[in-house]
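**Student:** One line per chain: the protein sequences are A and B, in this order.
The end of the first sequence is residue 685 by the numbering used here, with every number in the run present.
The end of the second sequence is residue 1457 by the numbering used here, with every number in the run present.
Some hints here could point you the wrong way.
Unchecked claim - Take a look, some chain A residues computed to stay more than 12 Å from chain B by CB distance:
no.: 1; residue: Thr385
no.: 2; residue: Val425
no.: 3; residue: Phe472
no.: 4; residue: Thr537
no.: 5; residue: Ala640
Unchecked claim - Under the rule of at most 25 Å between Cα atoms (straight-line distance), these lysine to any residue pairs were calculated in the SDA-like manner:
no.: 6; chain 1: A; residue 1: Lys615; chain 2: B; residue 2: Ala1357
no.: 7; chain 1: A; residue 1: Lys615; chain 2: B; residue 2: Ile1415
no.: 8; chain 1: B; residue 1: Lys1360; chain 2: A; residue 2: Gln679
Unchecked claim - Anything over 10 Å on all C-beta distances counts as not near chain B; from chain A, calculated:
no.: 9; residue: Pro244
no.: 10; residue: Ala665
no.: 11; residue: Arg675
If you're looking for bench data, these hints aren't it; they were derived computationally from the structure.
Even glycine gets a Cβ: it sits at the ideal position worked out from N, Cα and C.
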Amino acid sequence: MAEVGALLAELGGLVGVAQASALLIGLILGIIVGVLPGLGPLLGVTLAIPFTFHMDPVSSIALLIGFYQGGSYGGAVTATVLGIPGTPIAAATLLDAHPMALAGRASEAVTLATLASWIGGLIGGTVLLLTAPALAKIAVRFGPAETFALAALGLTAIASLSQGSTLKGLLSGLFGLMCATIGTDPFTGIARFNFGRTEFSGGLTFVALLVGLFAISEVLMQIERTLRGWQASGRIGVAFSMFKTVFTRFFGYVRASLVGVGIGIIPAVGGVTSAFLAYKLARDFSKEPERFGKGAPEGVIASEAANSATTGGALIPMLALGIPGDPIVAVMMGGLLIHGVTPGPMLFFTNLEVLNGIFATFLIGALLLLPLGLALLPLFIRVLRVPLDYMLAGVLLLAIFGTFAVQRQTLDLWIMWLFGIVGYAMRKAGFPLAPLVIGFVLGPIVEVNLRRAATLASSDMAGYFLGRPIALGILVLALLALAFPVLRALWQRRAAAG
Amino acid sequence: MTEPPARTDPEAEPAADWRTDLAASLVSMGLGAWLFWQTFSFNVTASERVGGGIDAAGYPRLLAGLTVLLGIALAGRALWKWRRARPGPGGDAAGQGGGRVRAALSFAVLLLYTLLLEPLGFLVATPLAVGALLRIVGGRGALHAAAAAIAFTAAIFVFFRYGVNIVLPEGLLRGISP
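Produce the entire structure from the sequences given, and follow the hints as far as they go.
**Tutor:** Have a look at this one:
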C-alpha cells in the first residue's frame, strides 16, 4: 500500500498542459460520439488514433482514454432522451432512464446517469491502480509458453464469447492473425505476403485497417439503412436533488461498480453484460422489484455505474498482461504500440512514466466526467439535431484524412477501402469484427512467443507445455472458453426440452 | 432479465442464412488455400528451419491450414442449416434495395475521389465528392449540397493545414494553394 501512496503522490505531477488538454478534448468529443446513435466510443477511439501520431505517448493515451470514458457515458444521454441507446452499453440504461424521461423526469435521469458514471469510473480507476501492478508482478515471471498461452486465451475468449457464432469468431480472429503476418518476418527478415511491394515490408498500416474495418463499414451500413432524422428533445438541466442518492443509495453504486470492474477484467464479456448483470442484481436486491422497467432510479444507477467501471477493469489485462479485453482496448493497445510502448508486465519496469501517466489520466478523466457531463449537457443534446448525412460526411472526411495523414500515402487509403468492404461483408455475413482487430494486435505476440517456445521445446512441444503448469492451465482455460458456447447451447436445449 | 427494446450494436447484425454461410465458408477455404500455397514461396533457408516446423513459413501455413479447416466446418454447418430450413419468405426485405444502391453509389464516389485526390488536389476534389455524397445520401438540392460541401472542405482544410500542420494534396492548385 505504501507503493500505491507514493504512486498516487506522483500521479498529479505527471499530467501537464498538453496531456490535460488531450484528455479534455477526448472527453468532450467522446461524449459527443457517445450521444450520436450508431457511433460510440469504438468509432471515436478509431478516428482519434491517426491524430495521436503527432503526440507524445501520454497525451496520446490521454486522448484515447477521454474518448473511451466520454463515449461510454454519452450513450446514456441518448438512451434517456430518445429511448434508443447511443451505444450498445447504454442498452440497460434506457430501461428505466427513458420511462423517467417520459414521466417528465429527464433531468433527474440524466443527472443520475452522470453521477453513476462518475462513481463507476472512479471505482474502476481505483481498482485498476491497485490490481494491475500486482498482476504484472506475477506476469513478469512468464516465459514464451505462458505468454503465448495468455494471448491464445485472449483470442479464443473473444472469438467464442463475442456476439455471433464461435466458428465465425474464430475465423475472424484467424484472419486478423494472418493479416499480422504480412510484411517482414520478425526472426529472419524474410518477406511474407508482400505482393512484391516494398511498401508492405512494415506490414499493413494499423490505422488503415482499423478505420476501414470499423468506421468505413459502419458508414456504409448507415447509408444503407433507412435514413432518419434524430428527434431533438426539449430542455434538460441538472437535478441537484439527485446528488443525495450518492449517500442514500451508496451500496447500489458500489455494488454495480464492482460488478462492472470484475466483468471488465474478463476478456470479451464487456460493458453490455456488466450493465445487464448489475441491473439484474439491483432488481433482485430491491424491495420493490416491480418498479424496474418503469422508471426506477436504481436501474439507471446500476447500469451506468457498471458500464463505466468496466472501462477501468478492461484496462487491467491490457496493461498487466498485454492482452486486450475488448475491441476498444485493443485499439488503444495499438495506439500505444505505434509509440513503441508495448503493454504487458515489462511496461511496469521499462516505461513507468507512461504507465503512471495512464493511471493519472484515467483517474483525472473519471473525476472530470461529472462537471463536464453536467455543465455541457445542453450542448451535447443539441448535437442530436445534426442531420445524418452531414454527420456521415464528417466521419468519412475525418476517416480519409486521418488515415492519409499518418504516412501521406494514397496506398493507405486503398487499404482502408479494402478493409471497409471486408468489414461490411463480415457484418452482413454475421462475422464479428472484434476478433479480427484483436488477432491483428495480438498476432506478433502470438507468433514470436509460439516460435520461441517451439525453439526451446525442440521437437517435443507437448512435453514442453506439460512441464509448464501455468501455461498448461491457461491453455485449458482457452479450451474451456471455446467449449463454453457449445455447452451453453446444450444446456439451453435440455432446459427447453425439460 | 428484460431485454432492451432497441439495439444499435454494430456486432449484432441479423443471423446470416445458409447461403451467406456457404459463401463465407467458400471464401474462407479459398483464402486459406491460397495463403497456404503462398507460404511455399517464402525463402526459408535450412538453417532457419527450427522449432519443429513453426518457422517463418510454418506459422502462417499453420494459420492458413486452420482457416481451411474452419471453412470446411462452416460449410458443414451451412449445409446442416439448409437441411433444416423451412420454405418461406426468404432473402432480405425489398426495401433494402434502395439502401444498397445508395451505399454502392457512395462507395463508388469515394473510390473515384481517392483516384482523383492527388491529380486534382484536396481543394478541388473534396467539394465535388462531398457534394455528390450529400446528394446521394441526404437527397439535398444542388445549391444546398454545394454550399455544405464548400463549408466542409474549408473546415477540414483549416483543421489539417493549420490545426495539425499537415499539407494535403495540392494537385491543380500546386503553388497557389494557401
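**Student:** Look at each hint and say if it fits the structure.
**Tutor:** These are the hints, each one checked on the structure:
No Cβ of chain B approaches the Cβ of A:Thr385 within 12 Å, the least distance being about 16 Å, so the stated non-interface status holds. Against the 12 Å criterion, A:Val425 stays outside the reach of chain B, whose nearest CB is about 26 Å from its own CB. Remark: the non-interface label on A:Phe472 is consistent with the geometry, its nearest Cβ contact in chain B lying 14 Å away (cut-off 12 Å). No beta-carbon of chain B comes within 12 Å of the beta-carbon of A:Thr537; the shortest separation is about 27 Å.
Not every beta carbon of chain B lies more than 12 Å from that of A:Ala640, the smallest distance being close to 8 Å; the non-interface claim is violated. Proximity of A:Lys615 to B:Ala1357 is assessed by CA-CA distance (about 15 Å); at most 25 Å being required, the pair is judged to hold. Restraint check: the Cα-Cα separation between A:Lys615 and B:Ile1415 comes to about 22 Å, which is no more than 25 Å; the hinted pair holds. The straight-line distance between the Cα atoms of B:Lys1360 and A:Gln679 is roughly 19 Å, inside the 25 Å bound, and the hint therefore holds.
Here A:Pro244 stays apart from chain B, with its beta-carbon at least about 17 Å from theirs, past the 10 Å limit. The claim that A:Ala665 lies off the interface holds: its Cβ sits roughly 14 Å from the closest Cβ of chain B, which is beyond the 10 Å cut-off. A cut-off of 10 Å between C-beta atoms confirms that A:Arg675 is not in contact with chain B; the least separation is 16 Å.
Checked against the numbered hints above, the structure breaks only hint 5 and satisfies the rest.
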